[in-house]
Structure formats: C-alpha cells, structure tokens
Amino acid sequence: MVNPQSQGKKYPATEPYLVGREKIREFAKAVQSVNPLNFDVFAAQAAGYADVIAPPTFAVFIQEHSLGPVLADPDVDIDFSRVVHGDQRFVHKRPIVAGDELTGVLEIASIKTLGAHAMVTMNTDIFANGDELVCTAISTLVVRGGE
Amino acid sequence: MTHIDIAGLEVGQEIGSRDFLLTRDSLVKYAAASGDFNPIHYRDDFAKSVGLDGVLAHGMLTMAVAVNVAIDWVGDPGKVIDYGVRFTKPVYVDASVGAVVRVVGKIGLIDPEANTVRVDLTATFDDNAVLGKAQAVVRL
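As they're listed, the protein sequences go chains A and B. Residue numbers 1 to 147, in my numbering, belong to the letters of the first sequence in order. Residue numbers 1 to 140, in my numbering, belong to the letters of the second sequence in order.
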C-alpha cells in the first residue's frame, strides 16, 4: 500500500547522462520521426541549434533514471507489478540537444488514494550541465490495490 | 522552415494526420532506444501471465509517434513546448501484421499573445481512442 506521507519527498539528482548524437538519431528513428532537425547537424544548426535536437518525449530517458530510487524506496512502498502508467507530460524550456549533460531531480508531487488504489504523480526537473532547467517531466502512476 | 501565420488559423481546423504502423520490430527498437525493457512489450507469455491479451506497445511509444503530426505541421520538434497525454487503452501488436495507429491533429486553442497554438491529437487503434487529452502546445 502506497504511503501517502511520502508526498513532497525529493530525491537526489541522477547521475549525469551525456546525450549523444547517435542516441538522438536512434530514438528519433524508433519514434518514426522524419524531421531533419533530429538527424542532420547542418539542418539543426541552420535552425539555430548547436547540434541535432531530441524529439519532445526523449526526456523520458532521464525520467526513468529518476524513477528507479522511488520504486525501490520502502518508505513509499510502490508495488511495481501493480503499476499502470496513467498520464505523462513534458514541459520544455528548450529542446534537448546532443552534447547536453542531463541530471534529473524527482519530487513526489502528490499521492491520491481512492479506496485501495493510489495515484502517484512525480515531477522530474531535468537540468543541463548542472543548473539550466531544460524540461519538467510529469508522470502519474496508477497503483492498483490488492484484492 | 515552415512559417505559419497565427491569424489564418481557426479552432477545430485539421492540421494533419498520419498512420503509424507499429510492429514487433518497432517495439524492440523503441525498447532499445528508450531503455524500457518491460517484457510485456516483447513476450506474449509474460504479457498473458499478468492478465493482458498479449504484447502491447509502450504507451510512451504511442505518445511519441502521435506528436509527429504536430511536428510535421510546425516543422521544428523544438517548438513543442508542452505535451501531455493520458493512456486510455492498450495497443495490442499482432506478431505478424502489427498494429496501425491513426493520428489526427486539430487546432484546440489559439493564443495570439503568446504566439502559441494547442494541437489536440486523437490516436485511434481498432476503433478505440488509445490516448486521452493528448495535447501539444507549439510555439509558432
């Protein structure tokens, strides 16, 4: 049973993740992007970016890293086998660009319980190169209660 | 780069549509690209053991492909400043024929002051909406 007291809990920043050009291309291909700014350095630079930019949902990668410690936290007590992804949102200050070194800081924004079920909303602030906020990834997990 | 004049837009106007074929190959590629290796996205036996009908697409993959319709329209993925969805139905991916997700984008809201437009996306598989409240705010 999810512990509602863990609302507001903040976790340490994730290990820095260096965004590679080929990783962006691989991800963009996997999500069926045909946009040259995801693939072509010259096209991205002509559009004003330093290098190829990532598709808007690429930040999920860092969100996943930030989620690990929460799912393993006995204080919060989330049974991952009962988890369904309910909602997802990305708010961008700017796109993620190849060469960014990203860290994620997760906060449990809210825990709502409905009978035996719980809805856990987590905000992960994603920073480039230490302190520049690039994106906030907001994820709501639905944890189904036991019978 | 595409230039869109905000004054020429109307709420309800369709901005584009695209069919996305998701096959088992697509799921394996997305798993590798995203690091999400939950076996419900590649093993039928495992998916069935947790009460699903079979292998389903990552919700995050459906979310990611759907926003392409807004990006194809605006021309620059960096102009999508806010994108959110609700996952409403699973997309089951048949091992031989895959699954086709049809995405249609319409203008939901126009904010001339901020020079932004909210694109409302519908994603349909097998006559069911698989995303709810799929909204992408794009800067023009």
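Among these hints, one or two may not hold up.
In silico BS3-like cross-links for lysine-lysine, where the CA-CA straight-line distance does not exceed 27 Å [to be verified]:
{"hint": "1", "chain 1": "A", "residue 1": "112", "chain 2": "B", "residue 2": "89"}
{"hint": "2", "chain 1": "A", "residue 1": "29", "chain 2": "B", "residue 2": "133"}
{"hint": "3", "chain 1": "B", "residue 1": "133", "chain 2": "A", "residue 2": "112"}
{"hint": "4", "chain 1": "B", "residue 1": "29", "chain 2": "A", "residue 2": "23"}
{"hint": "5", "chain 1": "A", "residue 1": "10", "chain 2": "A", "residue 2": "93"}
{"hint": "6", "chain 1": "A", "residue 1": "112", "chain 2": "A", "residue 2": "9"}
{"hint": "7", "chain 1": "B", "residue 1": "133", "chain 2": "A", "residue 2": "93"}
{"hint": "8", "chain 1": "B", "residue 1": "133", "chain 2": "B", "residue 2": "106"}
{"hint": "9", "chain 1": "B", "residue 1": "48", "chain 2": "B", "residue 2": "106"}
{"hint": "10", "chain 1": "B", "residue 1": "89", "chain 2": "B", "residue 2": "29"}
{"hint": "11", "chain 1": "B", "residue 1": "48", "chain 2": "B", "residue 2": "89"}
{"hint": "12", "chain 1": "B", "residue 1": "89", "chain 2": "A", "residue 2": "93"}
{"hint": "13", "chain 1": "A", "residue 1": "29", "chain 2": "A", "residue 2": "112"}
{"hint": "14", "chain 1": "A", "residue 1": "112", "chain 2": "A", "residue 2": "10"}
{"hint": "15", "chain 1": "A", "residue 1": "9", "chain 2": "A", "residue 2": "93"}
{"hint": "16", "chain 1": "B", "residue 1": "48", "chain 2": "A", "residue 2": "93"}
{"hint": "17", "chain 1": "B", "residue 1": "48", "chain 2": "B", "residue 2": "29"}
{"hint": "18", "chain 1": "B", "residue 1": "29", "chain 2": "A", "residue 2": "29"}
{"hint": "19", "chain 1": "A", "residue 1": "29", "chain 2": "B", "residue 2": "106"}
{"hint": "20", "chain 1": "B", "residue 1": "106", "chain 2": "B", "residue 2": "89"}
{"hint": "21", "chain 1": "A", "residue 1": "93", "chain 2": "A", "residue 2": "23"}
If you want the ones that stay clear, here's a sample from chain A, every Cβ over 12 Å from chain B, calculated [to be verified]:
{"hint": "22", "residue": "1"}
{"hint": "23", "residue": "3"}
{"hint": "24", "residue": "4"}
{"hint": "25", "residue": "7"}
{"hint": "26", "residue": "11"}
{"hint": "27", "residue": "55"}
{"hint": "28", "residue": "107"}
Hints are computed from structural coordinates only; laboratory data are not their basis. A quick note: this is a predicted structure, and the numbers were derived from the prediction, not measured. Even glycine gets a Cβ: it sits at the ideal position worked out from N, Cα and C.
Hints, one by one, checked against the model:
1. A/112 to B/89: Holds - the C-alpha atoms of residue 89 of chain B and residue 112 of chain A are around 22 Å apart, at most 27 Å.
2. A/29 to B/133: holds, 25 Å
3. B/133 to A/112: holds, 20 Å
4. B/29 to A/23: The given pair, whose Cα atoms are some 12 Å apart, holds under the 27 Å limit.
5. A/10 to A/93: Holds: residue 10 of chain A and residue 93 of chain A sit about 21 Å apart, inside 27 Å.
6. A/112 to A/9: Since the Cα atoms of residue 112 of chain A and residue 9 of chain A sit roughly 14 Å apart, the hinted pair holds (cutoff 27 Å).
7. B/133 to A/93: Satisfied, since the Cα-Cα distance of roughly 22 Å is no more than 27 Å.
8. B/133 to B/106: holds, 12 Å
9. B/48 to B/106: violated, 36 Å
10. B/89 to B/29: holds, 22 Å
11. B/48 to B/89: holds, 16 Å
12. B/89 to A/93: violated, 30 Å
13. A/29 to A/112: violated, 37 Å
14. A/112 to A/10: holds, 17 Å
15. A/9 to A/93: holds, 24 Å
16. B/48 to A/93: violated, 40 Å
17. B/48 to B/29: With a Cα-Cα distance of about 22 Å, the restraint between residue 48 of chain B and residue 29 of chain B holds, given a limit of 27 Å.
18. B/29 to A/29: holds, 9 Å
19. A/29 to B/106: OK: residue 29 of chain A and residue 106 of chain B at ~24 Å, within 27 Å.
20. B/106 to B/89: holds, 21 Å
21. A/93 to A/23: holds, 21 Å
22. 1: holds, 20 Å
23. 3: holds, 24 Å
24. 4: holds, 22 Å
25. 7: Correct as stated: the minimum Cβ-Cβ distance to chain B is 21 Å, above 12 Å.
26. 11: holds, 18 Å
27. 55: Not fine: 5 Å to the nearest Cβ puts residue 55 of chain A too close to chain B.
28. 107: holds, 18 Å
Violated hints, listed in ascending order, are 9, 12, 13, 16 and 27; each of the other numbered hints is respected by the structure.
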